[in-house]
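Same order as they appear, the protein sequences are chains A and B.
For the first sequence, position 72 matches number 72 in the working numbering, and the numbering has no gaps at all.
For the second sequence, position 71 matches number 71 in the working numbering, and the numbering has no gaps at all.
Take every hint as true, because none was put in to throw you off.
Copies of the same chain look alike in the list, so a pair counts if it fits in one copy or across any two.
Dumping the calculated BS3-like pairs for lysine-lysine here, alpha-carbon to alpha-carbon at most 27 Å: (1) Lys16 with Lys28; (2) Lys116 with Lys83; (3) Lys223 with Lys28; (4) Lys28 with Lys237; (5) Lys181 with Lys210.
Hint data in this document are derived by calculation from the structure and do not stem from the laboratory.
Values in this document were obtained by computation on a predicted structure and should not be read as measured data.
Protein chains: 2
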Amino acid sequence: MRIEILCTGDEVLSGKIVNSNFSYISQKLEDFGLQVIWGTTVGDDRDSLMAAFRLAAGRADAVIVNGGLGPTVDDLSQEMAAKAAGVELVLSEEWLARMEEYFQRRSRIMPPNNRKQAMLPATAEILDNPVGTACGFALDIAGARFFFTPGVPRELRRMLEDQIIPRLLKMSGVQAVIHLKRFHSYGIGESRADTMLAGLEELAPDGSVKLGFRAHYPQLETKITVRGRDMDEVQRKLEPVTAFVRERLGNFIVAEDDRTLEGEVLAALVAAGGTLTVAETFTGGQIAARFAPQPGAERVLRRAVASRDPDQLAAAAGLPALPEDDAAVAVAVARGIAAASGASHALAVLVALDEGSDRIDLGGTIRIAIVAGDRVETREARVLGGREWVRLGATEMGLDCLRRFLLGLPVAERIDFEKG
Amino acid sequence: MRIEILCTGDEVLSGKIVNSNFSYISQKLEDFGLQVIWGTTVGDDRDSLMAAFRLAAGRADAVIVNGGLGPTVDDLSQEMAAKAAGVELVLSEEWLARMEEYFQRRSRIMPPNNRKQAMLPATAEILDNPVGTACGFALDIAGARFFFTPGVPRELRRMLEDQIIPRLLKMSGVQAVIHLKRFHSYGIGESRADTMLAGLEELAPDGSVKLGFRAHYPQLETKITVRGRDMDEVQRKLEPVTAFVRERLGNFIVAEDDRTLEGEVLAALVAAGGTLTVAETFTGGQIAARFAPQPGAERVLRRAVASRDPDQLAAAAGLPALPEDDAAVAVAVARGIAAASGASHALAVLVALDEGSDRIDLGGTIRIAIVAGDRVETREARVLGGREWVRLGATEMGLDCLRRFLLGLPVAERIDFEKG
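My request is simple: use the sequences and hints to build the entire structure.
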């Protein structure tokens with residue numbers, strides 16, 4: 001089935017807004033085995049919209065239109081959809097009632113111009129939007145099925161998953177359930193992960209298991225879609241696939257599905273009844289800033305400190321001075337901040353950055369120490385790639401070492417991104 | 001002049017990459033008074049590319065094609081450009097020599113498949129790419145002028161500014177120099193800024209001054225384009241415009257052009273020979289993480305600490321306990337960390353977050369204190385909008401109060417985003 005995405009709006013066309021809805025829709029469809037063949041972007045302009053509808057109808061079986069369902073005069077989607085389909089705009093009493101209820105629940109009066117959002121093409125099928133006032137709808141234009149969606153990302157996402165994808169799967173004749181399983185890893189590049197997972201798709205000889213990747217440094221996301229007649233069959237197929245990935249990628253998997261590295265660290269600390277303190281240098285607060293925003297982190301993170309001045313670091317760790325030996329500094333700092341804060345676990349991530357101005361081969365030596373009571377683990381690695389790259393890498397490595405420490409995995413395991 | 005942007009590549013079409021090149025090109029053209037009327041996205045597919053070229057040629061005067069100039073087999077732009085223009089692909093000795101030189105300078109041998117990048121349509125005009133091996137080029141297809149650009153953002157940006165925009169301005173008959181002036185502000189929303197700047201465009205009755213905004217919470221970017229016959233005229237027009245904006249937006253301007261709020265804070269501290277220490281709670285290291293990455297910040301930021309535990313905060317500030325009175329806590333913490341770190345300036349940003357789970361009307365009370373020797377300034381504000389919104393707001397407000405303190409501006413000036 002050929003699918004087109006048609007994004008509308010002056011703010012998107014002029015680049016005032018980066019069009020992340022497009023990539024969201026396209027990726028989400030791919031997760032369900034559906035492929036986008038064309039993307040179009042036009043402004044809030046009647047002639048452009050009409051031309052775009054006609055062209056899309058000519059080359060696609062299904063068209064997802066994003067934006068233009070709001071209450072203001074420059075929101076033209078309903079009007080132009082009706083015109084393109086050759087039908088009248090009629091007031092949907094159903095949607096009007098839904099909107100009035102929506103405002104009532106928020107103790108507000110519905111502004112009169114919101115009424116426009118209940119004007120739908122006569123042949124439209126309503127696509128529910130439980131989180132906003134923009135009414136989604138589907139209708140046929142010149143032989144293609146058009147799905148009109150709101151520009152607000154939260155509303156779009158809900159409608160796409162609950163309303164549109166099931167309809168597209170039905171249209172495409174796929175009488176199947178599709179499940180997306182995701183693994184987040186740190187330390188292996190896309191091409192090596194691809195090699196490590198060779199043979200995965202053959203676990204299902206009927207082609208119902210598909211492997212894909214999405215790299216966002218320093219993490220790699222491994223995406224596996226499994227297709228089956230029903231959820232039972234999907235679960236049966238998923239089990240060996242999941243076991244295969246866990247075995248092959250092993251300790252490099254930092255989290256699965258909607259979970260995160262920092263979330264796993266928090267969960268492990270909560271499970272152990274532990275508390276945390278962090279000291280960082282060149283990462284300048286980024287490790288703390290990754291961990292702290294999580295609900296519940298405030299009961300675990302006792303104190304975080306950042307400084308690139310050795311004397312300040314020593315003072316914050318309650319030490320008269322840092323050790324002379326570079327390799328001993330991280331351990332001394334971790335011990336010191338554990339004592340100063342009373343936390344059960346201490347993480348010190350220190351970076352010795354190369355001299356000179358920023359450049360692609362500027363590197364840093366990362367020294368990490370984790371202390372919990374008598375248990376001490378250390379990690380040293382050299383990373384290249386410029387200031388920002390080193391900073392991101394050190395932040396990730398610090399959190400990952402802590403995860404490994406908490407889960408009883410080897411803390412010092414070589415990764416693809418280190419040199420020498 | 002009608003301009004279309006045509007983005008190519010499976011990674012962009014499938015959403016694996018968020019298409020930020022599109023918004024970059026569109027915004028950059030707008031900065032020069034040029035308007036994009038249509039956007040198209042297709043994959044690495046010969047039929048789609050050919051169809052897209054033909055459609056674009058039919059509706060636009062100029063088409064900017066992005067991507068597909070690489071050395072691999074799925075890079076099809078040159079091949080399809082030649083086919084669409086009805087000309088042969090020929091080897092450009094000029095570009096081949098450029099590439100060989102490029103590799104030589106890096107002490108590397110050119111891989112044989114890079115030769116493909118020097119194969120250009122016979123009628124192509126080369127668009128120089130001083131930062132990569134992809135050769136940009138321009139040629140006519142069915143009456144429209146096509147500009148082929150690399151997908152690598154750094155290469156695209158350079159080529160767009162140096163090569164393509166001058167050609168587009170020439171094509172559009174605009175015999176003019178255009179200058180973009182930007183102001184970054186914190187504390188006023190887009191609609192109020194629009195009202196505050198009423199009358200700005202009338203400073204140039206010939207319509208050569210244009211006002212625009214780009215909001216990215218918590219900051220607002222005010223963009224002013226000034227057009228003139230030459231740079232002298234632009235400068236003459238720019239002077240009253242800049243003075244007008246500075247007077248109207250006044251203290252809310254945190255930085256201009258490529259400068260940043262944290263950059264201004266760093267510059268003011270360096271100018272004063274000062275050093276800084278920071279204490280934060282709910283922002284959890286974000287204030288430090290904004291300031292610390294700047295080159296030179298390591299000589300100014302002595303120590304940063306983050307904790308949501310009152311006892312830890314007191315200990316980090318060398319206090320036996322925090323004061324009972326909420327309003328006094330921030331000052332006590334700022335004084336304490338100043339003494340503990342020996343820094344000349346101390347910033348404490350404390351947030352009392354509402355109870356309960358995250359929701360759109362969850363708020364926080366932000367209490368800020370800045371101490372430098374005997375000088376003490378405080379700020380208190382209530383902000384709503386959910387956890388992430390409050391966190392971003394408190395980070396920005398903390399840095400902005402410090403900027404105001406350092407520049408001798410009123411620290412406690414009401415902003416649009418606070419309630420009550």
